[in-house]
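This note's numbering puts the first residue of the sequence shown at 478, with every later residue one more than the last.
Hints were generated in silico from the structure; no laboratory data involved.
Fair warning: there could be bad hints in the mix.
Heads up, simulated BS3-like pairs for lysine-lysine below, C-alpha to C-alpha not over 27 Å straight-line [to be verified]: (1) Lys554 x Lys484; (2) Lys501 x Lys484; (3) Lys501 x Lys554; (4) Lys636 x Lys484; (5) Lys501 x Lys616; (6) Lys636 x Lys616.
Quick list of simulated restraints, FRET-style, between CB atoms [to be verified]: (7) Glu598 x Ala637: 29 to 35 Å; (8) Gln508 x Ser634: 17 to 23 Å; (9) Val515 x Ala555: 18 to 24 Å; (10) Glu598 x Thr540: 35 to 41 Å; (11) Glu623 x Thr499: 19 to 25 Å; (12) Glu623 x Gln508: 15 to 21 Å; (13) Asp603 x Ala637: 30 to 36 Å; (14) Glu516 x Gly615: 26 to 32 Å; (15) Gln551 x Ser528: 29 to 35 Å; (16) Phe621 x Leu543: 24 to 30 Å; (17) Arg628 x Met526: 19 to 25 Å; (18) Ala555 x Gly640: 18 to 24 Å; (19) Glu509 x Lys616: 28 to 34 Å.
Beta carbons are placed, not taken as given, at the ideal position from N, Cα and C, and that holds for glycine.
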Amino acid sequence: MRDLILKMSLSIDGFVSDLEGTNKWMFGSDQESRAWAVEITWNASLHIMGSRRFLAMAAFWPTSTLEFAPPMNQIPKAVFPRQGPAILRNVNTTAALNGARANAGTGQSAEPQPGAGSWAEAYLVDQFVLGVHPVALGKGLPLFSELAAPRRFELVSSKAFPGGAVAQIYRPA
Numbered sequence: 478m479r480d481l482i483l484k485m486s487l488s489i490d491g492f493v494s495d496l497e498g499t500n501k502w503m504f505g506s507d508q509e510s511r512a513w514a515v516e517i518t519w520n521a522s523l524h525i526m527g528s529r530r531f532l533a534m535a536a537f538w539p540t541s542t543l544e545f546a547p548p549m550n551q552i553p554k555a556v557f558p559r560q561g562p563a564i565l566r567n568v569n570t571t572a573a574l575n576g577a578r579a580n581a582g583t584g585q586s587a588e589p590q591p592g593a594g595s596w597a598e599a600y601l602v603d604q605f606v607l608g609v610h611p612v613a614l615g616k617g618l619p620l621f622s623e624l625a626a627p628r629r630f631e632l633v634s635s636k637a638f639p640g641g642a643v644a645q646i647y648r649p650a
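Input sequences plus hints: build the corresponding full structure.
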């Protein structure tokens, strides 16, 4: 199975957009970092986004002439509403697994099958590809706003660009 990779641009103070949801600051003038970001975007098999982001992007990308437009327009999209994490929080795999054991003799397995734990897996991202831009927003929408506790990551690679942006790739530790 392929890795699920989250590619996101961030300000140096950790925001993915300002409070109004705009992010023109991420399209800086550093051609090398832009080329890297376009290449990373072309590597995607699927763009996954929430419904609000989808609506904003659907109004912009089809007529855009930015170098990001071809991969943004040509790669398939999947839209997930915000209730996804709420659904995961309500999954009770212990009860489900006990129910499966109670189903013995009904054609259902009495034991959890390989991968059964994935029904309660909240952290699905295998790799975070972050473009950190040399701009501070002060306020905005943070990438990790819903963490219940600190989460550790392992740095896979880092690359600095002439204009001050830095590409950082992390895996959950």
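Mind listing which of the numbered hints don't hold for this structure, in increasing order? 12, 13, 15 and 18
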